[in-house]
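Trainee: Residues per chain are reported as follows:
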Amino acid sequence: MSVLASVADVVAAGCLLAGAFLCLTAGVGLVRFPDVLSRMHAGTKPQVLGVLLVMVGGAIRLHGLAATWMLLLVAAFQLITAPVSAHMISRVAYRRRHVRRDLLLVDELSDAGGRDSVYRGDEPADAPPEHPAQALPESRREDQEERENGSQSS
Amino acid sequence: MSVEPAGSRLRHQLPLLVWLVVVWILLWGTWSWANVVSGVTVALVVMLLLPLPPVVGATRVRPLPLLLFVGHFLVDLVVSGAQVAWRALGPGGAQQGAIVRVQLRVDSDLLLTVVAETLSLVPGSLVLDLDRESRLISIHLLHVDDLADVERQKADVLATEERIVRAFGTAEDIASLETGRLTGRTTR
Chain S
126 MSVLASVADV VAAGCLLAGA FLCLTAGVGL VRFPDVLSRM HAGTKPQVLG
176 VLLVMVGGAI RLHGLAATWM LLLVAAFQLI TAPVSAHMIS RVAYRRRHVR
226 RDLLLVDELS DAGGRDSVYR GDEPADAPPE HPAQALPESR REDQEERENG
276 SQSS
Chain D
5 MSVEPAGSRL RHQLPLLVWL VVVWILLWGT WSWANVVSGV TVALVVMLLL
55 PLPPVVGATR VRPLPLLLFV GHFLVDLVVS GAQVAWRALG PGGAQQGAIV
105 RVQLRVDSDL LLTVVAETLS LVPGSLVLDL DRESRLISIH LLHVDDLADV
155 ERQKADVLAT EERIVRAFGT AEDIASLETG RLTGRTTR
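As you go down the protein sequences, you meet chains S and D in turn.
Counting from 126, one number per residue, gives the positions in the first sequence under my numbering.
Counting from 5, one number per residue, gives the positions in the second sequence under my numbering.
You may find that some hints are simply not true.
[Unchecked claim] Anything over 10 Å on all C-beta distances counts as not near chain S; from chain D, calculated:
| # | residue |
| --- | --- |
| 1 | Gly33 |
| 2 | Trp37 |
| 3 | Val49 |
| 4 | Val50 |
| 5 | Leu53 |
| 6 | Val65 |
| 7 | Val88 |
| 8 | Arg105 |
| 9 | Glu121 |
| 10 | Arg136 |
| 11 | Val154 |
| 12 | Asp160 |
| 13 | Leu162 |
| 14 | Ala163 |
| 15 | Arg170 |
[As the list claims (entries may be wrong)] Label pairs and their calculated CB-CB ranges:
| # | chain 1 | residue 1 | chain 2 | residue 2 | range |
| --- | --- | --- | --- | --- | --- |
| 16 | S | Ser131 | D | Val40 | 36 to 44 Å |
| 17 | D | Pro19 | S | Val128 | 16 to 24 Å |
| 18 | D | Ala152 | S | Val209 | 47 to 55 Å |
| 19 | S | Leu187 | D | Val22 | 42 to 50 Å |
| 20 | S | Leu228 | D | Ser36 | 21 to 29 Å |
| 21 | D | Met51 | S | Asn274 | 50 to 58 Å |
Think of the hints as simulated: they come from the structure by calculation, not from any bench.
Glycine included, each C-beta is placed from N, C-alpha and C at the ideal position.
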């Protein structure tokens, strides 16, 4: 009986340590990864697995069904909600062009046509144009139009 | 919200009610009739104050494919955690990512949600955008070696979708999997 209990203790301790270590790597990843999108990877994956491992460790160590059910609930909500927040943040980051394009091998989302490639309307004011060679003549043309409109109205 | 017969509305909302009551009882930690009654009351208030559209489309759960899916998912979760942890700690870092679009084949809100959730949790992929009309999903990949690796990860996405549909989808959804594969081949 005591052997069984000590084995359970060792397993629980292993789970808790592994989970804590994964949460640590998530923190390191947040610092070391180059842009928002890759940081979201660090923020969701090792952290979800880490929390799950901590839950398993806690479920083994804590006695009583109430605690186990509560941990199960936490795990379920963790799995359901983590991808949603990661998705929302990365979607906004992509649309506002906080993306290191030099680190991307392919970008099929921007290649897919039907979108204004010069100004998309929701980008930060200090973002460089996506296609400089196109953007310059385009903005000159817009300036020209603006001047013509101004002379008409006056 | 459109006008719906009371009977079918109740049937659509029943799973939500049961789920809310179960969460309530789990939060209290003990099972008693008082908890059940108060749980039902709270759930009804929540559902009246914050109405949700019903989840359209029936699903059926097949035990064996479900087991296959859950097993794959758990393995993927561990592998994904280890990979991202290694990228965070190791000397390489994340130097080359990719954003890919994949043409999915299922046409069901619920299944697409499950696919997107699963993809966000498994190795190196993060859902950026899901075009519901044309069923195009855009995914950011944390690390790719080369173009062949990109193709391989796209194939993985389709394999994940197939496992999910086989586990939860109706016969119709599984059929759309087959036809989608055929049309996918002809257009390529």
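Trainee: Take the hints in turn and mark each one as holding or not.
Mentor: A quick look at each hint next to the structure:
1. Its closest Cβ contact with chain S, about 3 Å, brings glycine 33/D to no more than 10 Å, contrary to its assignment away from the interface.
2. The beta carbon of tryptophan 37/D sits about 17 Å from the closest Cβ of chain S, which is more than 10 Å, so the claim that it is off the interface holds.
3. No beta-carbon of chain S is positioned within 10 Å of the beta-carbon of valine 49/D; the least distance is around 20 Å.
4. The claim that valine 50/D lies off the interface holds: its Cβ sits roughly 16 Å from the closest Cβ of chain S, which is beyond the 10 Å cut-off.
5. The beta carbon of leucine 53/D is kept farther than 10 Å from every beta carbon of chain S, the shortest such distance being approximately 21 Å.
6. For valine 65/D, the condition that its CB be more than 10 Å from all CB atoms of chain S holds, with the nearest at approximately 17 Å.
7. Not every beta carbon of chain S lies more than 10 Å from that of valine 88/D, the smallest distance being close to 5 Å; the non-interface claim is violated.
8. Some Cβ of chain S comes within 10 Å of the Cβ of arginine 105/D; the nearest lies about 4 Å off, and the non-interface call is violated.
9. With a closest Cβ-Cβ approach of about 5 Å to chain S, glutamate 121/D is found to fall inside the 10 Å limit, against its non-interface label.
10. Annotated as non-interface, arginine 136/D keeps its C-beta farther than 10 Å from every C-beta of chain S; the closest such distance is 14 Å.
11. Under the 10 Å C-beta cut-off, the non-interface status given to valine 154/D relative to chain S is violated; the minimum distance is some 6 Å.
12. At the 10 Å boundary, the C-beta of aspartate 160/D stays outside the reach of chain S, the nearest C-beta of that chain being 15 Å off.
13. Separation of leucine 162/D from chain S is adequate, the least Cβ-Cβ distance of about 15 Å exceeding the 10 Å criterion.
14. Non-interface call for alanine 163/D relative to chain S: holds, since the shortest CB-CB distance, roughly 19 Å, exceeds 10 Å.
15. With 10 Å as the threshold on Cβ separation, the claim that arginine 170/D sits away from chain S holds: the shortest Cβ distance comes to roughly 20 Å.
16. For serine 131/S and valine 40/D, the hinted distance range of 36 to 44 Å is satisfied, since their beta carbons lie about 39 Å from each other.
17. A beta carbon spacing of about 44 Å between proline 19/D and valine 128/S contradicts the range 16 to 24 Å that was offered as a hint.
18. Distance hint for alanine 152/D and valine 209/S: a CB-CB separation of about 32 Å, inconsistent with the stated range 47 to 55 Å.
19. A beta carbon spacing of about 27 Å between leucine 187/S and valine 22/D contradicts the range 42 to 50 Å that was offered as a hint.
20. The hinted range of 21 to 29 Å is not satisfied by leucine 228/S and serine 36/D, whose Cβ atoms lie roughly 56 Å apart.
21. Taken as a hint, the range 50 to 58 Å holds for the pair methionine 51/D and asparagine 274/S, whose Cβ atoms sit roughly 54 Å apart.
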